[in-house]
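Student: Read top to bottom, the protein sequences are chains B and L.
Letter 61 of the first sequence, counting from 1, is numbered 698 in this note's numbering, and no numbers are missing.
Letter 113 of the second sequence, counting from 1, is numbered 214 in this note's numbering, and no numbers are missing.
Think of the hints as simulated: they come from the structure by calculation, not from any bench.
Keep in mind that this is a model prediction, so the values were computed, not measured.
Be careful, since some hints might not be right.
[As the list claims (entries may be wrong)] Here are the computed lysine-lysine pairs in the PhoX-like style, where the Cα-Cα straight-line distance is at most 20 Å:
no. : chain 1 : residue 1 : chain 2 : residue 2
1   : L       : 218       : B       : 677
2   : L       : 172       : L       : 193
3   : L       : 218       : L       : 208
4   : B       : 829       : B       : 677
5   : L       : 193       : L       : 117
6   : L       : 193       : B       : 829
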Amino acid sequence: MNQLRLTEDEQDCLQELINVAMGQASDQLARYLDSFVYLKVPSIESVDADSLATTLDQQQSAMAVVSQGFFGYEGIRGEALLVYQDEDSERLADLLGYEPDELSKDEQLIDISSILTTTFLNVFASQIENQISYSAPKLLPSRANSLSEHLDQLTFNWDLALKVNINYQVTDYSFNCNMVLLIPETAINNIKVVLNRILEEL
Amino acid sequence: MNPAVLICDDSNMARKQVLRSLPEQWHNNVQTAQHGAEALTILRSGNIDILFLDLTMPGIDGVGVLQGIQKLNIDCHVFVISADIQPEMQSKVLGLGAKEFLRKPIKPDVLHANLEKHGLL
Numbered sequence: 638m639n640q641l642r643l644t645e646d647e648q649d650c651l652q653e654l655i656n657v658a659m660g661q662a663s664d665q666l667a668r669y670l671d672s673f674v675y676l677k678v679p680s681i682e683s684v685d686a687d688s689l690a691t692t693l694d695q696q697q698s699a700m701a702v703v704s705q706g707f708f709g710y711e712g713i714r715g716e717a718l719l720v721y722q723d724e725d726s727e728r729l730a731d732l733l734g735y736e737p738d739e740l741s742k743d744e745q746l747i748d749i750s751s752i753l754t755t756t757f758l759n760v761f762a763s764q765i766e767n768q769i770s771y772s773a774p775k776l777l778p779s780r781a782n783s784l785s786e787h788l789d790q791l792t793f794n795w796d797l798a799l800k801v802n803i804n805y806q807v808t809d810y811s812f813n814c815n816m817v818l819l820i821p822e823t824a825i826n827n828i829k830v831v832l833n834r835i836l837e838e839l
Numbered sequence: 102m103n104p105a106v107l108i109c110d111d112s113n114m115a116r117k118q119v120l121r122s123l124p125e126q127w128h129n130n131v132q133t134a135q136h137g138a139e140a141l142t143i144l145r146s147g148n149i150d151i152l153f154l155d156l157t158m159p160g161i162d163g164v165g166v167l168q169g170i171q172k173l174n175i176d177c178h179v180f181v182i183s184a185d186i187q188p189e190m191q192s193k194v195l196g197l198g199a200k201e202f203l204r205k206p207i208k209p210d211v212l213h214a215n216l217e218k219h220g221l222l
């Protein structure tokens, strides 16, 4: 099973849960950057598990990926990837205004990614009455195939990649990144059950 | 006399969450809009007493609706209900005439307390 196959109501419900989660993640980002973040409606798409690695690997020479595992109850678990094109991670470096020092630039990228991932998932989880813990975030080495190698090492089989396209505009700067959530089928089924419970309560 | 209510949000679920939080007897006088332009059309033509307004919407967003309300001199109570909870955004919409900023997802008791605060319940 590679697709979410959501009804229109389920899709709308998931989108709204994601909007709320994104709003709070942006608020945290704004505090971190001491700036204001213009929020757009994030677009969501599900990506075929097989094609994801291939697609991302092709782009990887020009991108940075920060990966972080997450674990909740009832089979909710997965791996969150924050994917930045190089020009966007450079812009982020400008925005933060620090010296051209490789180490600190990487650390900042990991920090920002972790703020976005954990705030987003905490808020998302609280809305579906779950609670999430995390492994340490890690910046993948920038060389060919490092993403596929990383995905091969994951300790669970993921069936679906939920890609949330995020665009942040921070005053004069704007940067884009994709948050890709890799989740196993049990987690997808659990999310669907909860979406329907929420819809029934309305 | 129950107030005329307009709920503007691009999410069907979010509109239902607001509707569910309103007093039962208000329900037959509630209209909905899926985006800012639709809301402004309804606001122009009808006598809306209370508007519940989302901010992040495609096309004319919540801030655009608030600016439209000021420009057109429309008299109604606006409660912003949004996921964009940044302090700067909150003060911006209050500066544009919104009565309150309420965070999503909206809870019935929070909505009631705020309606009461403004003498609408």
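Student: Check whether the Cα positions of residue 829 of chain B and residue 677 of chain B lie no farther apart than 20 Å.
Tutor: Outside the cut-off at roughly 25 Å; violated.
Student: Taking 20 Å as the top limit, are the C-alpha atoms of residue 193 of chain L and residue 117 of chain L close enough?
Tutor: 26 Å, violated
Student: For the pair supplied as a hint, residue 172 of chain L and residue 193 of chain L, is the alpha-carbon distance within the 20 Å limit?
Tutor: 16 Å, holds
Student: So if I understand the rule, the pair passes when the alpha-carbon distance is 20 Å or less; does residue 193 of chain L with residue 829 of chain B pass?
Tutor: Not satisfied, since the Cα-Cα distance of roughly 37 Å exceeds 20 Å.
Student: Holds or violated: are the alpha carbons of residue 218 of chain L and residue 677 of chain B at most 20 Å from each other?
Tutor: 31 Å, violated
Student: Does residue 218 of chain L pair with residue 208 of chain L here, judged by a C-alpha cut-off of 20 Å?
Tutor: Since the Cα atoms of residue 218 of chain L and residue 208 of chain L sit roughly 16 Å apart, the hinted pair holds (cutoff 20 Å).
Hints 1, 4, 5, 6, counting from the list given before, are not met by this structure.
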